[in-house]
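Student: Whole structure, please, built from the sequences with the hints as guidance.
Taken in sequence, the protein lines are chains X and W. Under my numbering, the first sequence has 84 at position 84, and the numbering climbs by one with no breaks. Under my numbering, the second sequence has 103 at position 103, and the numbering climbs by one with no breaks.
Treat the hints with caution; some may be incorrect.
Derived pair list, reagent style BS3-like, types lysine-lysine, alpha-carbon separation capped at 25 Å [as the list claims (entries may be wrong)]:
1. X:Lys56 to X:Lys108
2. X:Lys56 to X:Lys71
3. X:Lys108 to W:Lys105
4. W:Lys105 to W:Lys11
5. X:Lys72 to X:Lys56
6. W:Lys105 to X:Lys56
7. X:Lys100 to X:Lys71
8. X:Lys100 to X:Lys56
9. X:Lys100 to W:Lys105
Over 12 Å on every C-beta distance to chain X, these chain W residues come out as not near it, computed from the model [said to hold, decoys possible]:
10. Gln6
11. Ser22
12. Ser28
13. Gly40
14. Thr67
15. Asp73
16. Leu77
17. Thr86
18. Gln96
19. Glu100
20. Phe103
FYI, nobody ran anything at the bench for these hints, they're computed from the structure. Only a predicted model underlies this, so the values are computations on that prediction, with no experimental measurement involved. Where a beta carbon is used, it is the ideal one built from N, C-alpha and C, also for glycine.
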Amino acid sequence: QQQVRQSPQSLTVWEGETAILNCSYENSAFDYFPWYQQFPGEGPALLISILSVSNKKEDGRFTIFFNKREKKLSLHIADSQPGDSATYFCAASAEGGSAKLIFGEGTKLTVSS
Amino acid sequence: EAAVTQSPRNKVTVTGGNVTLSCRQTNSHNYMYWYRQDTGHGLRLIHYSYGAGNLQIGDVPDGYKATRTTQEDFFLLLELASPSQTSLYFCASSGQGETEVFFGKGTRLTVV
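Tutor: Here is the structure:
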């Protein structure tokens, strides 16, 4: 069963808009949540991450909002740029770090200019 | 910058064939991983290792063997390849106590 779920599967926004990518999880033991960004022909690369003790993490135009009670988080990409077009994976770990990351299905983001 | 190199980048084999995917990392990382990526499933962990000679079973291990011969090298073995193993395979590494996982560029395997 999919322990980490993402929605939507694909998303198209206009340049300058805020893209919102959603993620939910089932295992209450998960305490580390990274988002990975993947361009075609490349492996995923860490974009931003949050620990379950926080409810918000910002890094430039990228912000994670985390709701522990509802087991949900979202990635907001402000002022989206065509270069942000990629597939984004939400992941989770119960070990406070990188070991045994469980990935979601991914959201393919297209930013149109 | 962390470097994880996979070979080959593309491979086609026949059903029942024997395939070995190779991965080398030059970051002195303890942990290495093999994932498969399929549409609708994201990345799923096949096997991982904490160091040379160590092997841990991941979430989708059936049909796969792995071996960590050195700190740098991690191999994925498909001894009787099946069409269901057609996928994009990623090797990755991370340091002990660190949170970032570094991925290679992937190996696209097709089993016909």
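Student: Could you run down the list of hints and mark each one as holding or not?
Tutor: The hints, checked one at a time:
no.	hint	result
1	X:Lys56 to X:Lys108	23 Å, holds
2	X:Lys56 to X:Lys71	14 Å, holds
3	X:Lys108 to W:Lys105	18 Å, holds
4	W:Lys105 to W:Lys11	14 Å, holds
5	X:Lys72 to X:Lys56	12 Å, holds
6	W:Lys105 to X:Lys56	31 Å, violated
7	X:Lys100 to X:Lys71	19 Å, holds
8	X:Lys100 to X:Lys56	23 Å, holds
9	X:Lys100 to W:Lys105	20 Å, holds
10	Gln6	9 Å, violated
11	Ser22	15 Å, holds
12	Ser28	15 Å, holds
13	Gly40	6 Å, violated
14	Thr67	19 Å, holds
15	Asp73	18 Å, holds
16	Leu77	21 Å, holds
17	Thr86	18 Å, holds
18	Gln96	9 Å, violated
19	Glu100	5 Å, violated
20	Phe103	3 Å, violated
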